[in-house]
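Protein sequences appear in the order of chains A and B.
Quick note: the first sequence uses this note's numbering, first residue 1, plus one each step.
Quick note: the second sequence uses this note's numbering, first residue 1, plus one each step.
Simulated from the structure, these hints should not be mistaken for laboratory data.
Hints may contain errors.
Stated by the list, open to error - Taking lysine to any residue pairs in the SDA-like style, the calculated list, with each CA pair at most 20 angstroms apart, reads:
| # | chain 1 | residue 1 | chain 2 | residue 2 |
| --- | --- | --- | --- | --- |
| 1 | A | Lys53 | A | Gly38 |
| 2 | A | Lys93 | B | Leu219 |
| 3 | A | Lys34 | A | Arg3 |
| 4 | B | Lys34 | B | Gly14 |
| 5 | A | Lys53 | A | His96 |
| 6 | B | Lys34 | B | Ala49 |
| 7 | B | Lys93 | B | Lys34 |
| 8 | B | Lys93 | A | Leu219 |
| 9 | A | Lys93 | B | Thr139 |
| 10 | A | Lys34 | A | Arg19 |
| 11 | A | Lys53 | A | Ser32 |
| 12 | B | Lys93 | A | Leu218 |
What the hints assert, rightly or not - What follows is a list of derived Cβ distance ranges for each label pair:
| # | chain 1 | residue 1 | chain 2 | residue 2 | range |
| --- | --- | --- | --- | --- | --- |
| 13 | A | Ala224 | B | Ala156 | 35 to 41 angstroms |
| 14 | A | Val29 | B | Ala171 | 42 to 48 angstroms |
| 15 | B | Pro44 | A | Leu219 | 56 to 62 angstroms |
| 16 | B | Ala184 | A | Ala184 | 26 to 32 angstroms |
| 17 | A | Ala88 | B | Leu219 | 56 to 62 angstroms |
| 18 | B | Gly220 | A | Asp278 | 31 to 37 angstroms |
| 19 | B | Ala156 | A | Leu219 | 23 to 29 angstroms |
| 20 | B | Ala225 | A | Pro257 | 38 to 44 angstroms |
| 21 | A | Val29 | B | Ala184 | 42 to 48 angstroms |
Because the structure is a prediction, the values reported are computed rather than measured.
All C-beta atoms in this analysis are idealised placements derived from N, C-alpha and C, irrespective of residue type, glycine included.
Protein chains: 2
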Amino acid sequence: MTRWSEGFVAVDWGTTNRRAYAIDAAGQVVDSDKADAGVLAIAPGGFPAEVAKLRARFGGLPLLMAGMVGSNRGWIETPYVACPATLADLAAKLCHAEPGHAAIVPGLSILDGDRADVMRGEEVQIFGAIALGAVAERTTICHPGTHTKWIAVERARITDFRTIMTGELFALIRAHSILAPLLAGEAVPGAAFRAGVERGFATGALGAELFSIRARALLGRSEAADAPSFASGLLIGCDLRSGVPDGQDEVVVVGSPTLTRLYAEALRHIGRRPREIDGAAAFVAGMRAIAETIG
Amino acid sequence: MTRWSEGFVAVDWGTTNRRAYAIDAAGQVVDSDKADAGVLAIAPGGFPAEVAKLRARFGGLPLLMAGMVGSNRGWIETPYVACPATLADLAAKLCHAEPGHAAIVPGLSILDGDRADVMRGEEVQIFGAIALGAVAERTTICHPGTHTKWIAVERARITDFRTIMTGELFALIRAHSILAPLLAGEAVPGAAFRAGVERGFATGALGAELFSIRARALLGRSEAADAPSFASGLLIGCDLRSGVPDGQDEVVVVGSPTLTRLYAEALRHIGRRPREIDGAAAFVAGMRAIAETIG
Numbered sequence: 001m002t003r004w005s006e007g008f009v010a011v012d013w014g015t016t017n018r019r020a021y022a023i024d025a026a027g028q029v030v031d032s033d034k035a036d037a038g039v040l041a042i043a044p045g046g047f048p049a050e051v052a053k054l055r056a057r058f059g060g061l062p063l064l065m066a067g068m069v070g071s072n073r074g075w076i077e078t079p080y081v082a083c084p085a086t087l088a089d090l091a092a093k094l095c096h097a098e099p100g101h102a103a104i105v106p107g108l109s110i111l112d113g114d115r116a117d118v119m120r121g122e123e124v125q126i127f128g129a130i131a132l133g134a135v136a137e138r139t140t141i142c143h144p145g146t147h148t149k150w151i152a153v154e155r156a157r158i159t160d161f162r163t164i165m166t167g168e169l170f171a172l173i174r175a176h177s178i179l180a181p182l183l184a185g186e187a188v189p190g191a192a193f194r195a196g197v198e199r200g201f202a203t204g205a206l207g208a209e210l211f212s213i214r215a216r217a218l219l220g221r222s223e224a225a226d227a228p229s230f231a232s233g234l235l236i237g238c239d240l241r242s243g244v245p246d247g248q249d250e251v252v253v254v255g256s257p258t259l260t261r262l263y264a265e266a267l268r269h270i271g272r273r274p275r276e277i278d279g280a281a282a283f284v285a286g287m288r289a290i291a292e293t294i295g
Numbered sequence: 001m002t003r004w005s006e007g008f009v010a011v012d013w014g015t016t017n018r019r020a021y022a023i024d025a026a027g028q029v030v031d032s033d034k035a036d037a038g039v040l041a042i043a044p045g046g047f048p049a050e051v052a053k054l055r056a057r058f059g060g061l062p063l064l065m066a067g068m069v070g071s072n073r074g075w076i077e078t079p080y081v082a083c084p085a086t087l088a089d090l091a092a093k094l095c096h097a098e099p100g101h102a103a104i105v106p107g108l109s110i111l112d113g114d115r116a117d118v119m120r121g122e123e124v125q126i127f128g129a130i131a132l133g134a135v136a137e138r139t140t141i142c143h144p145g146t147h148t149k150w151i152a153v154e155r156a157r158i159t160d161f162r163t164i165m166t167g168e169l170f171a172l173i174r175a176h177s178i179l180a181p182l183l184a185g186e187a188v189p190g191a192a193f194r195a196g197v198e199r200g201f202a203t204g205a206l207g208a209e210l211f212s213i214r215a216r217a218l219l220g221r222s223e224a225a226d227a228p229s230f231a232s233g234l235l236i237g238c239d240l241r242s243g244v245p246d247g248q249d250e251v252v253v254v255g256s257p258t259l260t261r262l263y264a265e266a267l268r269h270i271g272r273r274p275r276e277i278d279g280a281a282a283f284v285a286g287m288r289a290i291a292e293t294i295g
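Work out the full structure: start from the sequences and follow the hints.
This is the structure:
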């Protein structure tokens, strides 16, 4: 049998990108790789060859994979584990796609009366942040992204979560809406961003606040350069309004530094204490913890 | 001088469509025309020729035009009239593009401290609904569309309004989002629509509620055919939450019958009394009232 803890490759295989980290027996990242080979870039039936190439790239080490590779658009659909769930629950339900050589970490689901939600990939980062000792015993963690997740954690168990389509809505509005010509620039965490956060958090009225960007531009009441930052702040403010629990002071934000920086600024602006955790480091820590669990 | 009241053509010239109605001295629509010749379909510099063709089509009658034809993407940019505004204010600020032959009705603007908003075209329908005797002395009117308008009216004066990008967001999500494959069908005002209205009106959390459509589909907790109606209800519920005033029982909804039907059902579901007015009839009534004012 493979001893995963003797060395493996942790693969974060998402919709549009794939990142791989070779981890040695001491738990150190000794090699890594990043490719545009997200699951949508792999032809149907093309996964076994792609996996073999990846294994060869890393000298035949076993591959522990998470993310959309386990979805119905990925290699092998791996059933969701229902919350509440621990890291040990994920490890017990791995899909051993090529036993001893390749395994897929399942995602998590919520099914509670009328509520339904799913995630794939973020759960590894959350358990990693817990393994890094960065998470309070009972808290809600923010994972910003295309589909931002707000994840309730209790004693190292994910008890609940909620997805908000913040990043996707921002991308749609930027690419295809009547506001697109105004939103071409970069969003930066300055005064316009904070003004957007304030509006979004106060009203949550995304559709109404968005149009004001165009009206202010038409009426000469705004700096064109401010529009992308205001829009980003608005969307993140609406996101916080839905996601951040009342009365929770410290909010751990796990994800890509570009996004955690914006969310941290927004959280500070509404009076919370953000703590940023790099998503890549959290992913490696989470995969190591799973590898240690399966031995 | 032309006597507009002796007969003219009322032209509703929007972004993607153009509708024209020949109105005789008795105020009857005696001919009409609909074309895909929205302002975006007219090449820069192409408006005088297009206007001449339209005038010829209607036997040389003078043209009274409203909508995006007066925007910076239209024929001649016609400055907004600031609210509060009456129909007489619009008539006094017409852009006489070809004196006696072609005039453009200005749009309306709001500039009040931090608030900014604009409209072009809907104002004619609102004054038309007032002319038809369909509007209470003091009320807020809904004009649903790509950019839904909620318009406050006091004694035949438009005092305030607010734009919500409901139709545009629905179109973007349907065409380009991860939900697109689920939203191809038609939205109908049944149980799934009302469930969406209820969620949107209760929470306003568009980004969060939207993702639940995908999660329920992935977890087998919804009928695929219900998704477009639920999504439409959700967006309209969020719209009502921002737009419909507390304590206002009757809500006049002016616009295309397809949309006023959905908004009417949503309003009934949250306990209001909708009154639907056909936007085309309101447009004709509004343009007639302007023509009578200018003589």
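Going through the hints against the structure:
Pair hint Lys53 of chain A plus Gly38 of chain A holds up; C-alpha atoms about 14 angstroms apart against a cutoff of 20 angstroms. Taking the CA atoms of Lys93 of chain A and Leu219 of chain B, the gap is near 18 angstroms; set against the 20 angstroms cutoff, the hint holds. Proposed proximity of Lys34 of chain A and Arg3 of chain A is contradicted: the alpha carbons are some 25 angstroms apart, above 20 angstroms. Proposed proximity of Lys34 of chain B and Gly14 of chain B is supported: the alpha carbons are some 11 angstroms apart, at most 20 angstroms.
Straight-line distance between C-alpha atoms of Lys53 of chain A and His96 of chain A comes to about 18 angstroms, which keeps the hinted pair within the 20 angstroms bound. For the hint pairing Lys34 of chain B with Ala49 of chain B, the CA-to-CA distance comes to about 18 angstroms; that is within 20 angstroms, so the pair holds. Of the pairs offered as hints, the one joining Lys93 of chain B and Lys34 of chain B is violated, with about 27 angstroms between alpha carbons and a cut-off of 20 angstroms exceeded. Our distance criterion of 20 angstroms between C-alpha atoms is met by Lys93 of chain B and Leu219 of chain A, whose separation comes to about 18 angstroms.
With a C-alpha separation of about 59 angstroms, the suggested pair Lys93 of chain A and Thr139 of chain B falls outside the 20 angstroms cut-off, and the hint is violated. With a C-alpha separation of about 4 angstroms, the suggested pairing of Lys34 of chain A with Arg19 of chain A holds against the 20 angstroms cut-off. Only pairs whose Cα atoms come within 20 angstroms are accepted, and Lys53 of chain A paired with Ser32 of chain A is accepted, the gap being roughly 14 angstroms. Of the supplied pair hints, the one linking Lys93 of chain B and Leu218 of chain A holds, its CA atoms being roughly 19 angstroms apart against a limit of 20 angstroms.
For Ala224 of chain A and Ala156 of chain B, the hinted distance range of 35 to 41 angstroms is satisfied, since their beta carbons lie about 37 angstroms from each other. Distance hint for Val29 of chain A and Ala171 of chain B: a CB-CB separation of about 44 angstroms, consistent with the stated range 42 to 48 angstroms. Pro44 of chain B and Leu219 of chain A have their C-beta atoms about 23 angstroms apart, which leaves the hinted 56 to 62 angstroms range violated. A hinted range of 26 to 32 angstroms holds for the C-beta pair Ala184 of chain B and Ala184 of chain A, which are about 30 angstroms apart.
The given range of 56 to 62 angstroms is broken by Ala88 of chain A and Leu219 of chain B, whose C-beta atoms sit roughly 23 angstroms from each other. About 36 angstroms separates the C-beta atoms of Gly220 of chain B and Asp278 of chain A, a value consistent with the hinted range of 31 to 37 angstroms. Range check, Ala156 of chain B to Leu219 of chain A: about 25 angstroms between beta-carbon atoms, so the 23 to 29 angstroms window is met. Between Ala225 of chain B and Pro257 of chain A the Cβ separation comes to about 42 angstroms, which falls inside the hinted range of 38 to 44 angstroms.
Remark: the range hint 42 to 48 angstroms for Val29 of chain A to Ala184 of chain B is upheld by a beta-carbon distance near 44 angstroms.
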